[in-house]
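Student: Residues per chain are reported as follows:
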Amino acid sequence: MKSTSRFLLFCFSFFFAQSIVAQTVTGTVVDEYNEALPSVVITVENQSGTMTDYNGQYTLNLPKGTNNITYSFIGYEPVTKTVVVQGNKVVNVVMKPSQTQLDEVVVVGYGVARRRDLTGSVVSLKSKELTDIPTPSFENAIQGKAAGVQVITGSGIAGSGSMVRVRGVASISAGGDPLYVVDGIPITQDYFLNGNRGGFNTNPLATINPNDIESVEILKDAAATGIYGSRGSNGVVLITTKRGKSKKLTYNFSARTGISAPTALPNMASKEEYLQLYEEAWVNDGNVGVPELPGNRMSWAEAQAIEGTDWIQETIRTGVKQGYDFSASKGFKGGNFYAGLSYNDNHSYLAGNSYERISGRFNVDYNLASNLKLGISTSISRGINNRIDAAWSGGFGEAMSRALPIYPVRYSEDEYDADGNVIASAGDYWLKGGVSLNPVAQRALKDWTAIEDRTINNFTLDYKLSDAWTLRGQGAVDYMHFEDHIWEKPGYDPTYKDSDGNLLGRANMYTYSVWNTSGNATANYIKDIGENHHINWLVGSEYQYNRILRWDGYYDSEATGQIRETGQYVNDPLSYLEEYAFASAFTRLNYNFAGKYYAEALIRRDGSSKFGPNNKYGNFPAASLGWIITEEDFMAGLPNINFLKLKTSVGKNGNSAIPSYQWFGYYNVANNGYGGQTYRYPVIRENADLRWETSTTYDIGLEYGFFNDRVTGELAWYHKETNDMLLNVTLQGSTGFGSWWDNVGSVYNTGVEFAIKSRNIVTDNFTWTTDFNIARNTNEITSIGQYSPDAVSGGTNDTRVVVGMPIGTNYLVQFSHVDPTNGLPVYLTKDGEETYTWDLQDRVAVGNVMPDAIGGLTNTFNYKNLEFSFLWVFTIGGDIYDSSSKRQMGVVTDWNMRTDLFDRWQQPGDAATYPRLSRDYRTYGANTEWINTNLWLHDGTYARLRNVKLSYRVPQSKLKNIKGMTVNVTGTNLITLTNFIGLDPEIARDFENATDRNMSPNITYLTPPQEKTVNLGVNINF
Amino acid sequence: MKNLRVFIALIAIAVGSSSCERILDFQANSNNQIPADSAILNIQDAQELLVSVYDVAANAFNGSFQNIPEVMSDHIADPLGLNGEYAQIWRWTSSFFNGSFGGEYRNAYIAIYRANTLIEEVADLEGATVDAVTRITAEAKFIRALSHYHVVRIWALPYGYTSDNSHLGIPLKVSADQTPQMRATVADVYAQIEQDLLDAEADLPASNGIFANQMAAKALLAKVYLEMGDFANAKAKAAEVMNAGTYSLDPVLTNRFADHANGNLPAEFIFTLVSTNESSATDTIVDERGMSFTWNYRSDDPNANPALKASQALYVEATADTNDLRGQLWYEARNAGTPDEFYVVSKFDGSFLDVPLLHLSDLYLIYAECNVRLNGDSDGSGLAKINALRQRAGLTDLTSLTLTDVMSERRLELAFEGDRLFQLKRQGILGEIQTIRGVDWDCPGMVLQFPNFEGTAQGFVYNEEGGCN
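Going down the list, the sequences are from chains R and F. Position 964 (the first sequence) corresponds to 964 in the working numbering; numbering is contiguous. Position 242 (the second sequence) corresponds to 242 in the working numbering; numbering is contiguous.
Honestly, the hints are just simulated from the structure, not real lab data. As the structure is a prediction and not an experimental result, all values here were calculated from the model. Treat the hints with care, since some could be wrong.
Pair by pair, the computed Cβ-Cβ distance ranges are [to be verified]:
no., chain 1, residue 1, chain 2, residue 2, range
1, F, ALA307, R, GLU307, 44 to 50 angstroms
2, F, LEU41, R, ARG547, 27 to 33 angstroms
3, F, ALA307, R, GLY738, 25 to 31 angstroms
4, F, ASP78, R, THR495, 26 to 32 angstroms
5, F, LEU374, R, ASN296, 39 to 45 angstroms
Positions of the beta carbon are idealized from the N, C-alpha and C atoms, including for glycine.
Please build the complete structure, drawing on both the sequences and the hints.
Tutor: Next comes the structure, spelled out in structure tokens:
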């Protein structure tokens, strides 16, 4: 991994170049794999130095006598050789990767930098850390590895994504996800392009092949994100794809296969349990006689006689995964290339659900002239998602709710209507309640495939104008085309027939395309003035244009059978077109004095089509300072402290992730209104002042290295204040408008992050390394302007925006206890008085879905060729709202119940958790069966063995014709420690929009739990 | 120097690319969207905006607005089953998440907002003539008053509940300004309604097609004065309309809710929200404005099981006199004689119903009641009005008139038109009744809870919840 740095450093290291003089000492510098190292800086005490050329060769002209020659290369341990020069001499050097991270090169916005030179807060994860865990999408692998970065894997549905939050959440209605940048290009990352159809948000990152990624950098503070100006306030994730690095043609092949199961199974009542509970409710309500079942789909006697169905088992299976990656790469005189092909097939544990990804990548760099380099990165991928209904939409969700255990999958005998006609034959699907009450039939009678094609391409031209100036131009196209095909077979809707009574099918298609084009031009000036003054100045501009097209169509509804194959739409009007653009100019100045004192100042000016004419442009400055304390003389007496850097930054960022056109007020004109007359009316209020949400971030960090870098890490404190929050506000009804986007109120996030890496034991045969990080974030809304908590609802999730409370506050009526005398639920009023009445006006802030602290612990053991590592991730505090349990454990309705209800009130004196069963919500003092209280709110603390991996590197001596081979076995999510009584404590349901996504992680609504997997893999280099 | 030139070139590129407005200007791509600042420029635009005021008012008064108080009153049978929003209203347990009436509330204020926009802007528009400005302003004020009036009756305790009417009313919107509004007092709300109607009365034309005319303002004033207990003014306004010579009772009872083709409205109708169902060679206009009536009551299919059915008490009273055509034509007992007997309402059978919000029968009843209250109907003019209604209903004349007679007649005549609850509350204020369907007439559930989107303004005070038990 360090060797890639070579490429990244190619320009950077001109910085160190010195003029070449006559020759006496020559040699070649290679790495541990005997590959030539170009651009190695060679210095000689009291003499002129040089650097290696592309082939790792160098020539030095030295006086006779003893010379100390030092070879340095970023990412490698420096080597010093004492050479006695007498005539020509050959000195060949082998350099080993440095164990310290301080010399590694990290990608920053519009450039690269040595970690030691950074004044911003950046987490860098390399390829190995991103692929050591088999995840469907790369961002899942970040979890637990980056301090202050919360990653919640949403659900067990194949193709689902994660929720990534950098240092808390600072947005309410605007997107709270970080900005994703691939090879310098901000990519399309809208989770809501396909809504939440089927109880699932598509993941725009899923088509990116994790194996193509060389590194991921997460920029956290304003010094780092500032260069992304208006779009950096929720952090920036920079993704750099692989390039050719080895001089030899190198092939890599890896294969993986595995199985999966849900991390938890719902404890739904069996048929007997269900009938018992139902009857109890019937009797409790004062009913007499034989109970009537919900919907009267079967009689009590029939229900008792029937075998019953375990719908959970009918909707799950053992998941099977496989993945194959093949790549070839080579560096050559004028450049390098990397080519990769990948196939990944992920069948989740949900029956009928899979995500298949086929992707290819080709990256090439070519020197057109000695001072002109062309770089091209191109990828194409297809994601094929065989979809199922989930959560509220059906399938596993229905198995946890309305698919009652008394319902059969199929009729066991012929079914007659009142007149004696056969309406269903034995073996037919039981569809008395429609397909939604029979998840098996729903799955069988519906073909649902989503196909996403994506290609991300960019080209880069680097022109070295002079020793100091480098110009760069970059152009990119990121194109995405998505089709959601839904085919409901004849019989899916038994009432949908032609005039002859033949059942008809129904096909729908939802399509969108996103064109995301951008270009930028930068100039970089790198100059040393004298020995100690180092200047790096960047100036640039960027333009990005996005165009989103959407069509909804359906096939001819009259045809039967083959309509899907003929595929002719009867209606596919372009139903939506959205355009938006950003235009920006930016500059950044870095200065350091003698590698000891650092300063950076930057400013970016952004214009966006999304904002009103009064505030179309915004300025986003940032400044930072760094001080490497260990460079000071007074530290020389403390040899155990080998590195200390203090850094601080302040800066302003923005967020503009809102839908287009929201500032724009308009009227519609329509014909044939009241009285057949033409009429016009206002639709949206104009908000010409609509502007960026801005965050001002203060950051202080301390990087440390002790005992010659045996212990390294970072401690950071930050305070981020966000103002002018973009809110999609529900307007007071009496204004005459529904909702609009407004800049309202403020929130702050403040927190500490601590990361430590310790190489506990280092011997020739055995090493033990521990990585640990923990981050605590506090979030508080300090103002929501003139609005009340109900102005911004958290979708359907009962989280609210309450001043003085964190974003994502559970705003609920308090449940006190079950009255032992009568079994009725006792609630608390706003003032804390007990009441039998459930009144929404008694809602108070009772919980918060954001955790107090998050972190991860990795231990890695190497013994000879064996490596064993495991990663625990943990979340401390924060609440989970088990939203569907109010129906599974509340009023007895047409939902199945959970066996938690065994702890219910049955007779006077019972001290029970759950009240007496009833079919009437009025028994519970409510006016609805959707009784939200904090009875369904649970502590979200958990620890999870996210990953455990054992790998074995086959000794080179046993290999013929191949360079290396590793076999491994990996387990994910094998152990979860939690007190949560629901399914998976790490959960994010499907969301309706960005507000919902920001405010309601840790809310579950029939959400399928994550998977636990066991995988076998092999990796071969040749 | 070379560096400087590079620098200047780069700055030029950077500034050039970010200061070009055109590359950042995108507007929603739809043909019929007009930017707000150029949408209302001339008097024709204002007229089209005015049509939309009626349009949205007609959405609110398509039955939805009328059904809510009817369901709260004693006219509707228990909507069996545990769910449904009408069921919540029937049980007087509405909460602010209850959605079905949130739309009506919003529609009323959308109409008010548009009316306010017209009132503020119409005088400055291109082509604004004095006549047009006067008429458009008057129509806007009429709709503003009509909307405020219906909202205040449903969402606030009635006029007279406190002696100075200082109890909370509703947000009172008299400008297009978007600042959130807290609830004004009932006194202030009624004062504004009265003022708007007096202005409209002065400025509306005598005849105005399907839109509001001067008589509509007078008729609504009569209703408002009655609500305020100002019987003298109520009587006077009712008399002005009755004596105008323009209106007469329609002899056919079932014409009250029917499809009157091509706008040939009965002479009884003073202000009507009309449905349109017209086809020509070039165009088909289908615009149905009585949907919430037909949707919830319609029962001409013998197997119909409408959501709203008549209460037994009302059915009994309406059919007590077997000659009463109102009982015969507007009700039907189903499953008669069985324990499952129920009573469907046939008043709204049909489609493309025109909805007469103000009609002469109502004014007759107002006039008669006021005359009884003011002077015991000493001149018999109230009795004459009641007898006119009775004759049309196929009943014999009364010989004298009591308050009970008038209120009973009112109940039968205006059943399901959204009138009953307010009469009961009015009588509650006057101490003439104590209960509605067995509970205190002024218990918390008798006013509807505000929809939750009204409470998005900080400090907004909701109505008391807790039902009526």
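Student: Are ALA307(F) and GLU307(R) spaced within 44 to 50 angstroms by their CB atoms?
Tutor: 38 angstroms Cβ-Cβ, so the 44 to 50 angstroms window is violated.
Student: That 27 to 33 angstroms hint for LEU41(F) and ARG547(R) (C-beta), does it hold up?
Tutor: holds (31 angstroms)
Student: Can you let me know if the beta-carbon spacing of LEU374(F) and ASN296(R) is within 39 to 45 angstroms?
Tutor: violated (58 angstroms)
Student: Is the gap between the beta carbons of ASP78(F) and THR495(R) within 26 to 32 angstroms?
Tutor: holds (30 angstroms)
Student: Taking 25 to 31 angstroms as the stated bounds, is the beta-carbon spacing between ALA307(F) and GLY738(R) within them?
Tutor: holds (26 angstroms)
This entry does not satisfy hints 1, 5, going by the numbered hints stated previously.
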